[in-house]
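Number of protein chains: 4
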Amino acid sequence: MTVTLLAHTDNPSKVVASAARLCYSASRADELFDGLDEARTAEFLKKLRDVGHMSPFEHASFTFAVDGLSRVASHQLVRHRIASFSQQSQRYVTMSSSRESVIVPPTVERTPEAAELFAAQGAAAYMAYERLIELGVPKEDARFILPHGWTTSLMITMNARELHHFFSLRLCRRAQWEIRRMASEMLRLVYDAAAELFVIAGPSCLTDGKCREASSCGSPFKNIEELLAGAT
Amino acid sequence: MTVTLLAHTDNPSKVVASAARLCYSASRADELFDGLDEARTAEFLKKLRDVGHMSPFEHASFTFAVDGLSRVASHQLVRHRIASFSQQSQRYVTMSSSRESVIVPPTVERTPEAAELFAAQGAAAYMAYERLIELGVPKEDARFILPHGWTTSLMITMNARELHHFFSLRLCRRAQWEIRRMASEMLRLVYDAAAELFVIAGPSCLTDGKCREASSCGSPFKNIEELLAGAT
Amino acid sequence: MTVTLLAHTDNPSKVVASAARLCYSASRADELFDGLDEARTAEFLKKLRDVGHMSPFEHASFTFAVDGLSRVASHQLVRHRIASFSQQSQRYVTMSSSRESVIVPPTVERTPEAAELFAAQGAAAYMAYERLIELGVPKEDARFILPHGWTTSLMITMNARELHHFFSLRLCRRAQWEIRRMASEMLRLVYDAAAELFVIAGPSCLTDGKCREASSCGSPFKNIEELLAGAT
Amino acid sequence: MTVTLLAHTDNPSKVVASAARLCYSASRADELFDGLDEARTAEFLKKLRDVGHMSPFEHASFTFAVDGLSRVASHQLVRHRIASFSQQSQRYVTMSSSRESVIVPPTVERTPEAAELFAAQGAAAYMAYERLIELGVPKEDARFILPHGWTTSLMITMNARELHHFFSLRLCRRAQWEIRRMASEMLRLVYDAAAELFVIAGPSCLTDGKCREASSCGSPFKNIEELLAGAT
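Quick note, the sequences are listed as chains A, B, C and D, same order.
Each residue of the first sequence is one higher than the one before, starting from 1 at the first, in this note's numbering.
Each residue of the second sequence is one higher than the one before, starting from 1001 at the first, in this note's numbering.
Each residue of the third sequence is one higher than the one before, starting from 2001 at the first, in this note's numbering.
Each residue of the fourth sequence is one higher than the one before, starting from 3001 at the first, in this note's numbering.
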């Protein structure tokens, strides 16, 4: 899987800090922006996040390209409704079997028999897909036989508030491993681009010191470095 | 595929008509509701739909159960963001191969060789799924090898405005056949429950007399009966 | 202010409980609904609320009529984006001064001088409104001179998940008094209609035992009866 | 009223064009972006807009500061739900009467008697507001007596798809004059920043050659220059 940060709102931290100041200030909206230096911005954003005043975070938006994600994970991903997605269409694009076309879960990879069976079955499915197309089946119907783990590409846009929500759910150790890995890459990228906005981020064990899952994993995160190190 | 209308807002037509009247009336909100008989409601709703004043339609909500939909179609379905979905989880529920477990597209079914190949490949994929689980792979990972056409069950709630939007896109002859079939069942059910709300419904060829697709199918719908007759 | 529950999804508790069961069950969606008696439903919903699995609550929807709310409060109210509103238009409806046309805040009412000044100023503003209309100013422009506390009527639809969110914010003692009073009426109405869905509801002091405000009021709620008793 | 474009997604046109290409291409998401020059981008975006494929426009986001808008207009503005708003709070900020504190509609301004009455009444309302505060009424309650036309400041973020929707409604000659003026400023700003995204924009008389209002104004727009020239 490759995750790239394609674009984002200019000056994301300053934009968010200004929006928050606007609510409580008699100054003009177009003046608030100028008065903010880096230190004040950082301090201000930390306070916002602390007291849960999240709406100003909506004004900064981040756009990612994702390649090599399974359609299992993308099905789950697009359930996030406060987000924008553009996804490669299997109705219009013929699937090829070059590169890594099917995502192999780590739990499959580590058992040789499982890995072999999975690979053989993936190859057979692709051959069936190709044969169906030769037999006149449209590709949008032939794809019904491809494995659910087949890869896809997407463009994703989320604002910083939704990213915080996304990270709180999808960086939890109980999240599905693939979406968690993706979330971890996304956090790393936005942290590089606008650390002030994401100093406090992640599942509730880290941000609130309290697990909100039905049954806890028992291994709370201790700091954001653990999250940035990637899902393992 | 089976689609059932599980529940909906009481008196959906009257609720929508009252909301619309409220905007232009000096009466109290709790009195508007009483003054509406069936004929006035129907006439009023038709006018709303005609002039495109759709926001009052949001006050009536409809909940459906869907069984036997492929995950190909459900992936597409959940892209609708102004809707609520609950879907059977492949992380927690072990897939069984009883009943029709994989959706066979009509274009596959009508060619014997294609149908045989599809069935054989579907069966092989399920056997691989079972074997992976025996080998200790969690079901959430084993499912990566199941065909994308595997069936799922969902509960869907949409309000009448979103249903109109959904019908305009998904009842078009260019829509993917399975989601179109589902949309057709949904229209039939809500039309039975609250015809006044859905007298004018469907793709733009029917509602506006004008195709909005990039390339037209050339067969505009002529009346709602054609839509209610089902997707063919 | 009068708040009325105009309509809601049939069997709201059963619908929500079924949606939740669907996620973890191999049964068909259209069968889940039948197997639920009242006791199981109640127990199931309590568990959902406890572990924060809120998405199934979206399937039940509630529609209210509100009369006699100030436009100060309605401006705040319509910031809730996962909701549907129809509001009396001041562009099309001429405001009359019959009944209680301007909302008088309790803090004004309790000081005689303040109450008198407020009443006189409200009356003068209405006279100016009428005179402007006589002078040919359209009512949509004449209203600029009416007090912000002028009353309005609305129809509101929210699903049970959004209602929970709304109650958590707007039943807090720090919420604006008028919207809090409205939220309290709404809770009373939905609690009567579907107690199982709202047994646990309200600000975080009550539901989580922990205040989430920037500065706490110091008087946490102890039980839902306190909330149902109304805002005081 | 002053409208400023505070920030936006980098390379907004390229981001949108890439997202659209992704749907129909076998290339990787992170490669699409590089291959686009200005001419291809412009041509591609025009085609998208023509066929109504609007979802890629969601990936580009624009943030505005607005000063000197009436709360009449802001109440209407915040009904747009696919947008982010931060607004100056009248609970926390004491209103001052410096500068133009109340918006005077042009229809009031052009009749001397109306203008005088409006000004006198606005001043009296502000004096009442100040006196109420002296009498111990909290400012969040004293504001009930301020005119609805009192000014406010906001920060607004909308993506390009929602902006197109906003422009189609709010640049119509039938739209309320103040929000129409604001929309016109916004269009001018985004057109300067990313003309390719907004070459086709505005009410349906201009974009579709067909009025969608209940009763037409009879003066369809002929070209975007008319819109950019401002609301008159």
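What the hints contain is simulated information worked out from the structure, not anything from laboratory work.
These numbers were taken from a predicted model, which means no experiment stands behind them.
Keep in mind that the hints are not guaranteed to be accurate.
Unchecked claim - Here are the simulated DSSO-like pairs of lysine-lysine, each with C-alpha atoms no more than 27 Å apart in a straight line:
#1 B:K1210 x D:K3139
#2 B:K1222 x B:K1047
#3 C:K2047 x C:K2222
#4 B:K1222 x D:K3210
#5 C:K2047 x A:K210
#6 A:K139 x D:K3047
#7 D:K3210 x B:K1210
#8 C:K2139 x A:K47
#9 D:K3222 x D:K3047
#10 C:K2139 x B:K1139
#11 A:K210 x C:K2139
#12 B:K1047 x B:K1210
#13 D:K3222 x D:K3210
#14 B:K1139 x D:K3047
#15 C:K2210 x C:K2047
#16 C:K2139 x B:K1047
#17 D:K3210 x B:K1047
#18 A:K210 x C:K2210
#19 C:K2046 x C:K2222
#20 A:K47 x D:K3139
#21 D:K3210 x B:K1046
#22 C:K2210 x C:K2222
#23 C:K2210 x C:K2046
Claimed, not checked - Chain A is nowhere near these chain C residues, computed Cβ spacing over 10 Å in every case:
#24 E2043
#25 G2052
#26 H2053
#27 D2067
#28 F2085
#29 R2091
#30 S2097
#31 T2107
#32 A2120
#33 I2133
#34 E2140
#35 E2213
#36 F2221
Stated by the list, open to error - Covered stretches of chain B, as calculated for chain D (at least 3 residues, CB under 8 Å):
#37 1047-1055
#38 1106-1113
Each residue gets a CB set at the ideal place from its N, CA and C atoms; glycine is no exception.
Hints, one by one, checked against the model:
{"no.": "1", "hint": "B:K1210 x D:K3139", "result": "54 Å, violated"}
{"no.": "2", "hint": "B:K1222 x B:K1047", "result": "20 Å, holds"}
{"no.": "3", "hint": "C:K2047 x C:K2222", "result": "20 Å, holds"}
{"no.": "4", "hint": "B:K1222 x D:K3210", "result": "22 Å, holds"}
{"no.": "5", "hint": "C:K2047 x A:K210", "result": "18 Å, holds"}
{"no.": "6", "hint": "A:K139 x D:K3047", "result": "25 Å, holds"}
{"no.": "7", "hint": "D:K3210 x B:K1210", "result": "12 Å, holds"}
{"no.": "8", "hint": "C:K2139 x A:K47", "result": "44 Å, violated"}
{"no.": "9", "hint": "D:K3222 x D:K3047", "result": "20 Å, holds"}
{"no.": "10", "hint": "C:K2139 x B:K1139", "result": "65 Å, violated"}
{"no.": "11", "hint": "A:K210 x C:K2139", "result": "54 Å, violated"}
{"no.": "12", "hint": "B:K1047 x B:K1210", "result": "19 Å, holds"}
{"no.": "13", "hint": "D:K3222 x D:K3210", "result": "12 Å, holds"}
{"no.": "14", "hint": "B:K1139 x D:K3047", "result": "44 Å, violated"}
{"no.": "15", "hint": "C:K2210 x C:K2047", "result": "19 Å, holds"}
{"no.": "16", "hint": "C:K2139 x B:K1047", "result": "25 Å, holds"}
{"no.": "17", "hint": "D:K3210 x B:K1047", "result": "18 Å, holds"}
{"no.": "18", "hint": "A:K210 x C:K2210", "result": "12 Å, holds"}
{"no.": "19", "hint": "C:K2046 x C:K2222", "result": "18 Å, holds"}
{"no.": "20", "hint": "A:K47 x D:K3139", "result": "25 Å, holds"}
{"no.": "21", "hint": "D:K3210 x B:K1046", "result": "20 Å, holds"}
{"no.": "22", "hint": "C:K2210 x C:K2222", "result": "12 Å, holds"}
{"no.": "23", "hint": "C:K2210 x C:K2046", "result": "19 Å, holds"}
{"no.": "24", "hint": "E2043", "result": "15 Å, holds"}
{"no.": "25", "hint": "G2052", "result": "5 Å, violated"}
{"no.": "26", "hint": "H2053", "result": "7 Å, violated"}
{"no.": "27", "hint": "D2067", "result": "29 Å, holds"}
{"no.": "28", "hint": "F2085", "result": "19 Å, holds"}
{"no.": "29", "hint": "R2091", "result": "26 Å, holds"}
{"no.": "30", "hint": "S2097", "result": "33 Å, holds"}
{"no.": "31", "hint": "T2107", "result": "21 Å, holds"}
{"no.": "32", "hint": "A2120", "result": "28 Å, holds"}
{"no.": "33", "hint": "I2133", "result": "33 Å, holds"}
{"no.": "34", "hint": "E2140", "result": "25 Å, holds"}
{"no.": "35", "hint": "E2213", "result": "7 Å, violated"}
{"no.": "36", "hint": "F2221", "result": "18 Å, holds"}
{"no.": "37", "hint": "1047-1055", "result": "holds (count 3)"}
{"no.": "38", "hint": "1106-1113", "result": "violated (count 0)"}
Of the numbered hints listed earlier, those contradicted by the structure are 1, 8, 10, 11, 14, 25, 26, 35 and 38.
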